[in-house]
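Q: Residues per chain are reported as follows:
There are 2 protein chains.
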Amino acid sequence: MSRSPNATHDPHLRSWVESANQPDTDFPIQNLPFGVFRSQNSNQPSHIGVAIGDQILDLSLCYKAGLLQGLPEHVQVACAAPNLTQVMAIGSEAASLLRSHISQLLQKNEQPREAQATLISMSDAELLLPTTINDYTDFYASIFHATNVGKLFRPDNPLLPNYKYVPIAYHGRASSIVPSDTAIHRPKGQIKKPQAPAPDFELTQMLDYELEIGFFVGSGNQLGQPIHLDNAEEHIFGLCLVNDWSARDIQAWEYQPLGPFLAKSFATTISPWVVTLEALAPFRCPALERNQNDPSPLPYLSSPLNNELGGIDITVEALLHSSQMHTAGMTPFRLSRGSFKQMYWTVAQMLTHHTSNGCNLRPGDLLASGTVSGAEKDSQGCLLEITQRGAQLVQLPTGEVRSFLSDGDEVILRGYCEKEGYVRIGFGECRGAILSAVFE
Amino acid sequence: MSRSPNATHDPHLRSWVESANQPDTDFPIQNLPFGVFRSQNSNQPSHIGVAIGDQILDLSLCYKAGLLQGLPEHVQVACAAPNLTQVMAIGSEAASLLRSHISQLLQKNEQPREAQATLISMSDAELLLPTTINDYTDFYASIFHATNVGKLFRPDNPLLPNYKYVPIAYHGRASSIVPSDTAIHRPKGQIKKPQAPAPDFELTQMLDYELEIGFFVGSGNQLGQPIHLDNAEEHIFGLCLVNDWSARDIQAWEYQPLGPFLAKSFATTISPWVVTLEALAPFRCPALERNQNDPSPLPYLSSPLNNELGGIDITVEALLHSSQMHTAGMTPFRLSRGSFKQMYWTVAQMLTHHTSNGCNLRPGDLLASGTVSGAEKDSQGCLLEITQRGAQLVQLPTGEVRSFLSDGDEVILRGYCEKEGYVRIGFGECRGAILSAVFE
Numbered sequence: 000m001s002r003s004p005n006a007t008h009d010p011h012l013r014s015w016v017e018s019a020n021q022p023d024t025d026f027p028i029q030n031l032p033f034g035v036f037r038s039q040n041s042n043q044p045s046h047i048g049v050a051i052g053d054q055i056l057d058l059s060l061c062y063k064a065g066l067l068q069g070l071p072e073h074v075q076v077a078c079a080a081p082n083l084t085q086v087m088a089i090g091s092e093a094a095s096l097l098r099s100h101i102s103q104l105l106q107k108n109e110q111p112r113e114a115q116a117t118l119i120s121m122s123d124a125e126l127l128l129p130t131t132i133n134d135y136t137d138f139y140a141s142i143f144h145a146t147n148v149g150k151l152f153r154p155d156n157p158l159l160p161n162y163k164y165v166p167i168a169y170h171g172r173a174s175s176i177v178p179s180d181t182a183i184h185r186p187k188g189q190i191k192k193p194q195a196p197a198p199d200f201e202l203t204q205m206l207d208y209e210l211e212i213g214f215f216v217g218s219g220n221q222l223g224q225p226i227h228l229d230n231a232e233e234h235i236f237g238l239c240l241v242n243d244w245s246a247r248d249i250q251a252w253e254y255q256p257l258g259p260f261l262a263k264s265f266a267t268t269i270s271p272w273v274v275t276l277e278a279l280a281p282f283r284c285p286a287l288e289r290n291q292n293d294p295s296p297l298p299y300l301s302s303p304l305n306n307e308l309g310g311i312d313i314t315v316e317a318l319l320h321s322s323q324m325h326t327a328g329m330t331p332f333r334l335s336r337g338s339f340k341q342m343y344w345t346v347a348q349m350l351t352h353h354t355s356n357g358c359n360l361r362p363g364d365l366l367a368s369g370t371v372s373g374a375e376k377d378s379q380g381c382l383l384e385i386t387q388r389g390a391q392l393v394q395l396p397t398g399e400v401r402s403f404l405s406d407g408d409e410v411i412l413r414g415y416c417e418k419e420g421y422v423r424i425g426f427g428e429c430r431g432a433i434l435s436a437v438f439e
Numbered sequence: 000m001s002r003s004p005n006a007t008h009d010p011h012l013r014s015w016v017e018s019a020n021q022p023d024t025d026f027p028i029q030n031l032p033f034g035v036f037r038s039q040n041s042n043q044p045s046h047i048g049v050a051i052g053d054q055i056l057d058l059s060l061c062y063k064a065g066l067l068q069g070l071p072e073h074v075q076v077a078c079a080a081p082n083l084t085q086v087m088a089i090g091s092e093a094a095s096l097l098r099s100h101i102s103q104l105l106q107k108n109e110q111p112r113e114a115q116a117t118l119i120s121m122s123d124a125e126l127l128l129p130t131t132i133n134d135y136t137d138f139y140a141s142i143f144h145a146t147n148v149g150k151l152f153r154p155d156n157p158l159l160p161n162y163k164y165v166p167i168a169y170h171g172r173a174s175s176i177v178p179s180d181t182a183i184h185r186p187k188g189q190i191k192k193p194q195a196p197a198p199d200f201e202l203t204q205m206l207d208y209e210l211e212i213g214f215f216v217g218s219g220n221q222l223g224q225p226i227h228l229d230n231a232e233e234h235i236f237g238l239c240l241v242n243d244w245s246a247r248d249i250q251a252w253e254y255q256p257l258g259p260f261l262a263k264s265f266a267t268t269i270s271p272w273v274v275t276l277e278a279l280a281p282f283r284c285p286a287l288e289r290n291q292n293d294p295s296p297l298p299y300l301s302s303p304l305n306n307e308l309g310g311i312d313i314t315v316e317a318l319l320h321s322s323q324m325h326t327a328g329m330t331p332f333r334l335s336r337g338s339f340k341q342m343y344w345t346v347a348q349m350l351t352h353h354t355s356n357g358c359n360l361r362p363g364d365l366l367a368s369g370t371v372s373g374a375e376k377d378s379q380g381c382l383l384e385i386t387q388r389g390a391q392l393v394q395l396p397t398g399e400v401r402s403f404l405s406d407g408d409e410v411i412l413r414g415y416c417e418k419e420g421y422v423r424i425g426f427g428e429c430r431g432a433i434l435s436a437v438f439e
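First to last, the sequence lines map onto chains V and X.
In this text, residue positions in the first sequence follow numbering that gives the first Met the number 0: the first is 0, and each later residue adds one.
In this text, residue positions in the second sequence follow numbering that gives the first Met the number 0: the first is 0, and each later residue adds one.
Note that these hints are calculated values from the structure, not bench results.
In this text the structure is predicted, and so the values were computed from the model without any measurement.
Each hint should be verified, as a subset may be incorrect.
As the list claims (entries may be wrong) - The calculated DSS-like cross-link candidates involving lysine-lysine, where the alpha carbons are at most 30 Å apart (straight line), are: (1) X/340 - V/191; (2) V/340 - X/191; (3) V/107 - V/340; (4) X/163 - V/191; (5) X/163 - X/376; (6) X/191 - V/150; (7) X/150 - V/150; (8) X/163 - V/192; (9) V/340 - V/418; (10) X/107 - X/150; (11) V/376 - V/192; (12) X/192 - X/340; (13) X/191 - V/163; (14) X/418 - V/163; (15) X/376 - V/191; (16) V/163 - X/192; (17) V/192 - X/150; (18) V/150 - X/163; (19) X/376 - X/418; (20) X/192 - V/150; (21) V/340 - V/163.
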């Protein structure tokens, strides 16, 4: 798969779906992200769709109407499946053909009559998880995040000795991944207060979000067959936003020696639209430059291609909307803005490391980057960092303050790419609001 | 679900399948474990079966022959599925009906003609994974294992302060779970030798097994809805043997701060037969008694029922068969023998803790206990403990010695229950042999 822009990225392309031609849309014809939806309040089976402006092109209906003819038969059939696993499995070359075909269908100079009948308005759709996620892996790929968090626990030695060699990760819980707009229950768990002789089982008081980028596996690999670094991106279908909700007080007590477990597994929210890696081609950039004193990555994690084009310049933002702000009609308050290009490890390095022991990835598996934090104070991607574990309160425009999340708070993640000479593309939003615990 | 024996456990029951009446069989009519198989060297779809002596009762054929009539329709249909997920989802009451029905079918006083046609010899079957495992969680529930391992790293303070409060666990990799008899590739990974300035990427030299008990989730729970301790066993379908292969040198370098990842995710082997919790009723026993100075479990992990009958007395063994021993026609060498009743946390406590933050479990998910080690030296369930991280070599009958596993070694796990007045039941075997790495 090429990392260079092609005809589908042409900034002069316009769609007959007029809302896709507005300058502020996340979903111009140059984007074409994939998702899974069903008509709101219906019990109909889910369909695959492609976001275009404020509309969704229903690929299942396109298939039935013969609008996918010309594509290989198995690609057409995959488009009629109830979720994206089969489409992800077709591999990067076929996915590129499909993208190009859909771009043609939606271009202004095409005859839209039949395709028009396959559109559904986003406001009439319920957006679901893109795949049945079998395995979910979460990395820790921002050195700024790892250093900031390490400082809170080990001021003299914030970064562990393995960090600059190993793309650190842990297995996450797949069952509790939920789509955007799912309400989040504040979890209970074992919490040990510093002076207490023993832990109590109670509601978390340190509920946090983590702003992350996720990436879905396209074609997988066989057990025992690692994926080489320069082939890694052929196994990545596309990217989304991830909020890895975290209960910091539960985490602090439980995480030794096997890592985070219940502090994370109560919920993880993802944005519904999967932006293909191909759509991101214009926004590729060098991998983060290592400091002079940093070790080079080991050979299996190193290549000129990865150095030159391993990065992706995605601007990411986290916003908070308290229920008071909501009631007062205020817009959400921005907590941070950073860029995915500041990650210490690239998506290709993460995927290659994951398979370097022979571990198999399956189509539709989710990998995530870990918290995207940059070097600047205002680019820190979670409250643990922003408030220094609650020591420096965030002031909201209502006068409210936050150390961690309160009941009723909504967290909104956004991502987008902008570059001179190209049309802006967006990721949509990843939203989740905190409920009180229902289990007392 | 009752923890008391019922008619299906009657030691006087005999089957018309004669091999099931032999005293040394793992699969008498009192056991009736479930598995998934297909005819060897065929591309036929997989079927669900029940082990009986050296035969398998094909439940899909039973369904087609009308032999399941009398059971609720959804239970009958679940028996014709290609794997056990649907059967696990029917819940413990329906599973008990099904067990009782199958027991009747196989009893000596029944008319076997039609059922006989649904038998397949185990030697003609390929045994597969019981379910599509969506999520796999591995606990650390033996205090003896945790202490022995802790001593190697922290001689003065082997057990971390959270251990006696928290059933410690981590999320494992589901994709690389393989059925018994799958060959295991020796993985490569980052290994940092104590004196080396930096890690190398190379084959593990500290390949280990871990002897564990796994348990499959039956009916699941909704996200946000914890499962109470005294209801936990209603959500457990049955148990199997688990070998959680581990590369100790990779683990030592990568595990801080997020826990084990590639050191474990290259493969996990499970035994093919799922022994239902109901089959184990005669072998229930008190939970491990806490030392006087140990804290009581927090209320959500504590109940009289759990204290009195939370344990299960399963004898577990690990054996090693080197290729030299194999060539010389020797029997496998026993490395350890212990009992699952010595675990610090019960299966109910593990499951309840897992859901205590609202995390949802799905039918067919796998939980495992962590290494089953007892108080005695000869009951340690991995080589890390047995050889004290390689310091005390194991002597094999051929004169070979082992610190960790060599290429060609086969590890065999066995489990069985014995009790005066009841028929012995077994778990079968969980086998895996080490190949060299194929990727150089």
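Q: None of the hints should be skipped; say for each whether it holds.
A: Hint check:
1. X/340 - V/191: Distance ~29 Å between residue 340 of chain X and residue 191 of chain V Cα, so the pair holds.
2. V/340 - X/191: Holds, because 29 Å separates the two Cα atoms, which is no more than 30 Å.
3. V/107 - V/340: Status violated; Cα separation ~33 Å.
4. X/163 - V/191: Holds, at about 13 Å.
5. X/163 - X/376: 22 Å, holds
6. X/191 - V/150: 24 Å, holds
7. X/150 - V/150: Given pair residue 150 of chain X, residue 150 of chain V holds - Cα atoms ~28 Å apart, limit 30 Å.
8. X/163 - V/192: Distance ~16 Å between residue 163 of chain X and residue 192 of chain V Cα, so the pair holds.
9. V/340 - V/418: 14 Å, holds
10. X/107 - X/150: 54 Å, violated
11. V/376 - V/192: Answer holds: residue 376 of chain V to residue 192 of chain V is near 28 Å, not above 30 Å.
12. X/192 - X/340: 38 Å, violated
13. X/191 - V/163: 13 Å, holds
14. X/418 - V/163: 55 Å, violated
15. X/376 - V/191: Not satisfied, since the Cα-Cα distance of roughly 34 Å exceeds 30 Å.
16. V/163 - X/192: 16 Å, holds
17. V/192 - X/150: 27 Å, holds
18. V/150 - X/163: 28 Å, holds
19. X/376 - X/418: The given pair, whose Cα atoms are some 24 Å apart, holds under the 30 Å limit.
20. X/192 - V/150: 27 Å, holds
21. V/340 - V/163: Holds, at about 17 Å.
Going down the numbered hints, you'll see the structure goes against 3, 10, 12, 14 and 15, while the others check out.
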